[in-house]
Amino acid sequence: MTGPNDGGSSERRQVDRRPSGDADVCIVGGGVAGGLVAQRLAARDYDVVLLEAGKRFDREARHRQMEDVLRPDVDGTDVWEMGGERDRYTSSGAFDYPLNRTRVKGVGGTTLHWLGITPRLHPKDFEMQSRYGLARDWPFGYETLRPYYAEAERELGVAGGTDNPFAPPRETDYPMPAFPQSHSDSVFQAACDSLDITTHSVPQARNSEVYDGRSQCLGYSTCIPVCPSGAKYSGDVHVRKAEQAGARVIDRARVQWLAHDEAGERVTEAVYRVPGGERYRQAADQFVLAAGAVETARLLLLSRSGQYPDGLANSSGAVGRYFTDHPSIEATGLVDEPPNPNPIRFHSSESHQFYDHEDPVPGSLKLEFKNADPASLPDLAVRGGDSRTRDDVLDVVAGDAWGDELVEQIESHVGGKTRFTIRATAEPLPRRDNTVSLDHDKTDDAGTPVPDVDFSFGEHSRETLAFADGVLRDIMDELGATDVSVDSLDEARHASHHMGTTRMGEDPETSVVDARLRTHDLDNLTIASSSVFPTVGAMNPTLTIAALCLKATDHLLADL
Amino acid sequence: MDLTRRQTVAAVLAGGFGTSAVLQSLPADDRSADSRDESEITDAETRSLTALADVVYPSEVSDPTPIVEGYLRYQPPDSRRAIRAAIAALDGQARRRYGGSFAALALDERARLLRDLGVDRVAPDSDGTVPERIRHTLVNGLLYAVFTHPAGSSLVGVENPRGYPGGYDSYAKPPNEDSR
Chain U
1 MTGPNDGGSS
11 ERRQVDRRPS
21 GDADVCIVGG
31 GVAGGLVAQR
41 LAARDYDVVL
51 LEAGKRFDRE
61 ARHRQMEDVL
71 RPDVDGTDVW
81 EMGGERDRYT
91 SSGAFDYPLN
101 RTRVKGVGGT
111 TLHWLGITPR
121 LHPKDFEMQS
131 RYGLARDWPF
141 GYETLRPYYA
151 EAERELGVAG
161 GTDNPFAPPR
171 ETDYPMPAFP
181 QSHSDSVFQA
191 ACDSLDITTH
201 SVPQARNSEV
211 YDGRSQCLGY
221 STCIPVCPSG
231 AKYSGDVHVR
241 KAEQAGARVI
251 DRARVQWLAH
261 DEAGERVTEA
271 VYRVPGGERY
281 RQAADQFVLA
291 AGAVETARLL
301 LLSRSGQYPD
311 GLANSSGAVG
321 RYFTDHPSIE
331 ATGLVDEPPN
341 PNPIRFHSSE
351 SHQFYDHEDP
361 VPGSLKLEFK
371 NADPASLPDL
381 AVRGGDSRTR
391 DDVLDVVAGD
401 AWGDELVEQI
411 ESHVGGKTRF
421 TIRATAEPLP
431 RRDNTVSLDH
441 DKTDDAGTPV
451 PDVDFSFGEH
461 SRETLAFADG
471 VLRDIMDELG
481 ATDVSVDSLD
491 EARHASHHMG
501 TTRMGEDPET
511 SVVDARLRTH
521 DLDNLTIASS
531 SVFPTVGAMN
541 PTLTIAALCL
551 KATDHLLADL
Chain W
1 MDLTRRQTVA
11 AVLAGGFGTS
21 AVLQSLPADD
31 RSADSRDESE
41 ITDAETRSLT
51 ALADVVYPSE
61 VSDPTPIVEG
71 YLRYQPPDSR
81 RAIRAAIAAL
91 DGQARRRYGG
101 SFAALALDER
111 ARLLRDLGVD
121 RVAPDSDGTV
131 PERIRHTLVN
141 GLLYAVFTHP
151 AGSSLVGVEN
161 PRGYPGGYDS
171 YAKPPNEDSR
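These protein sequences, in sequence, are chains U and W.
Using this note's numbering, read the first sequence as starting at 1 and increasing by one per residue.
Using this note's numbering, read the second sequence as starting at 1 and increasing by one per residue.
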């Protein structure tokens, strides 16, 4: 049996990846969702096996990962080793979706590289059909999820303030005080005050003080993609706790399909492949899919059988449909203010003033005020103080600067105006034709068809972003910004929030899971993921994922 | 603001001074004979790195040793092996041209050796020629180390640079009056 994660790389150790003999629960996916469910169940003495496709990353390597990210002469885009043959995919939609830049496979999952922003959804987000005649209502409202939100904030460790007048009702303070405002926040605030726009602090799963045995934020300023201090929450925190409570975690175990019983009512085994190509079958009483909106849908579609030719839990035909991500646009402009004296890479100010709305459109909008950081010194230093180009002709003639000349060169960049940036994130509506399907013409290194992401933004997103464009320009005007640039609606970015693909609902004809997050079709299959969101609001999804996982765990405990 | 040397060169080039400069790079096979598998960096190798830091660090950084040692402390074994190999290559060049190890050379000899090798002009490459590897693995590693440390960053007005665990309070401080 694998021991508790000691932070060492599983590549260097001999690991027994054979299945456990008597598992109560088998969880697929070792991110925040799988980790939370595993920890809760193991703490109640259930035999839990967690299968994670990626590896255990060595915590001792985080500083070197940070160096790879900060140095311009090192390819730091793959510090989490995404993008190889294992991770092949297709993007066939109008929007070229860069899937592997938006997810991590490994113990800890995508939270290894997330920013860590953790707002709650608002009550309106659960009632889009009732309030606006749009999309579908969730099968329960905010009040049902409210206690789970509070619990999730305690579990992840959320720092936040009570200065947000637009936040949904809450019963207690956040577990930790909010991060303070920066200088650039105060500049934004002054401009917004003039426009009667209220700014406020940002709840985030980052320790503003020592919490849960983890460090407070040490200000490395590399939150995305790596936090060397461990102050930023990531799913490996709960995976470790699960192991300490007795759960068994098998890394580099890629589940290829789920097998079911003759009646087609229960999942019986998860069939997984390990390094070297051996294939094993893990049996359990209950199964939990926690592999994110892309791989969860892919796994269900791969689990075809004579009884379920369209894939498992897919009698509705909704598996893989309604794939959603948050659209956003950014405005930047040069402002006659110095940057913050020291960098910090997360933002500490937002406005949710345009979130709740009376009319169907424009939909919910969230504003993020980016911290105006000074230029990255390691980046400048390694380039010889030249931030404009790499390997330019001057390098050949004059040579790159070092020593005192480098300081002189860097100082030549200081002064003048500072670039200020605001991001507006909009509420999209789930679209049936945004899909994760199987590309049978392309396989990964195990010969398994890869996921095909077909994604584009719809009219609701565009109308909401068009409204956002006006708000962003007003703020830039008030800032006195010059050289203002606002993304066009055709250049809308995505927030790397994978949602939808196994939507939740009361009707088995139109949804995949019920309010317990249990599939309509199979009695013992739970999906703990943002893939169940029927609608997605404009808020970052991870706290809602965590709250839903805690709710799903209560339902599992009732059945075990 | 005075032009830096580099800006002066840029201005000259913009004025029509063409360049046909071709760098002479040493071949990649001039690698260190060090094929040992140990990843432990020796005291002598640390001294070589510190001697290199004396050349590439701003002169106001009076004691590079703790920065160099701090940098080496978190390097994983494969990085340490690459650093050792690059140091061996640098020492090999020092012996060939000056008859002594890099650390034994005078400061101006060390600086001249690096310029002669073209280390300041080549593109960094961890798998490239000797100058390219010295630039990538040693010089850029050392520059990364000092400018992610207040000893280097404070010279350009930043107390807590990216990559340094100086706490999060620093970002909330107001700008210095002289930066306005």
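Hints should not be assumed to be uniformly reliable.
Claimed, not checked - Coverage of chain W stretches by chain U, computed from C-beta distances (three or more under 8 Å per stretch; other residues unrestricted):
1. 84-92
2. 153-163
Said to hold, decoys possible - Cβ pair distances, simulated, as ranges:
3. W:95 x U:416: 26 to 36 Å
4. U:173 x W:42: 35 to 45 Å
5. W:169 x U:278: 44 to 54 Å
6. W:65 x U:123: 56 to 66 Å
7. W:69 x U:193: 12 to 22 Å
8. W:80 x U:446: 44 to 54 Å
9. U:180 x W:65: 31 to 41 Å
10. U:259 x W:42: 49 to 59 Å
11. W:107 x U:414: 21 to 31 Å
12. W:115 x U:375: 19 to 29 Å
13. W:159 x U:356: 55 to 65 Å
14. W:42 x U:180: 39 to 49 Å
15. U:265 x W:169: 49 to 59 Å
The hints are simulated quantities; they were obtained by calculation from the structure and are not laboratory data.
Since the model is a prediction, treat every value here as computed from it, not as a measurement.
We put the CB at the ideal spot given by N, CA and C, even for glycine.
Problem - Earlier hints that do not hold, by number - result: 1, 3, 4, 7, 8 and 13
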